[in-house]
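Q: Sequence:
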Amino acid sequence: LQNEAMVIFFAGSDREFACLGIENLTGGKERFVQNSDGAFGLWQLQFAEPPKPGALRLTGVLDTSRSVFLNPNGQRCHYQRIADGYRFLWERLDLPGEPGVVDVICEVTLRSGKSYAEWNIEVRNRSKKYGLWEYSYPRLRQVFAPGSGDAMQIGRAHV
Numbered sequence: 001l002q003n004e005a006m007v008i009f010f011a012g013s014d015r016e017f018a019c020l021g022i023e024n025l026t027g028g029k030e031r032f033v034q035n036s037d038g039a040f041g042l043w044q045l046q047f048a049e050p051p052k053p054g055a056l057r058l059t060g061v062l063d064t065s066r067s068v069f070l071n072p073n074g075q076r077c078h079y080q081r082i083a084d085g086y087r088f089l090w091e092r093l094d095l096p097g098e099p100g101v102v103d104v105i106c107e108v109t110l111r112s113g114k115s116y117a118e119w120n121i122e123v124r125n126r127s128k129k130y131g132l133w134e135y136s137y138p139r140l141r142q143v144f145a146p147g148s149g150d151a152m153q154i155g156r157a158h159v
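Numbered continuously in our numbering, the sequence shown closes out at residue 159.
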């Protein structure tokens, strides 16, 4: 995916469309994100069961024994070309005891004349047992060391 300012490299579906790198075309073709092995995958989701009635619950604290992580690794996925970008789709993903209840749709756009990419994720959760607790998207590895570059990454949030 490329415009005048940058090029974004993605792995194929065999490596879950992991972002392999982002290269700055305006500053000497410096690559400021590097993930040559694609080991991270493009996203990670954490689902959790609600607390049992009457159980003590602290805001922002999750009982990890009642949660499950979902990664794109080995999941069914495909992509579509959209205006100025790509849409990556993982459909009918399984949660424990609930087959086919999650769809993940990621869009990356790089519009002409812009010096930034837009990264959007949509999670469709049809689970009767688990709710989305946290997501990490995009999963980028080896972004500039602190103080050595000019880039901003926002990609982890509690829901």
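Everything labelled a hint here was simulated from the structure, so no lab data went into it.
Among the hints, a few may not be true.
[Stated by the list, open to error] SDA-like mimics (lysine to any residue), calculated; alpha carbons at most 25 angstroms apart, straight line:
hint, residue 1, residue 2
1, LYS114, ASP14
2, LYS129, ARG92
3, LYS114, ILE8
4, LYS129, PHE69
5, LYS114, ARG92
If you're wondering where the values come from, they're calculated on a predicted model, not measured in any experiment.
Q: Are there hints from earlier that the structure breaks, and if so, what are their numbers?
A: Going through the list in order, the structure violates hints 1 and 5 and respects the others.
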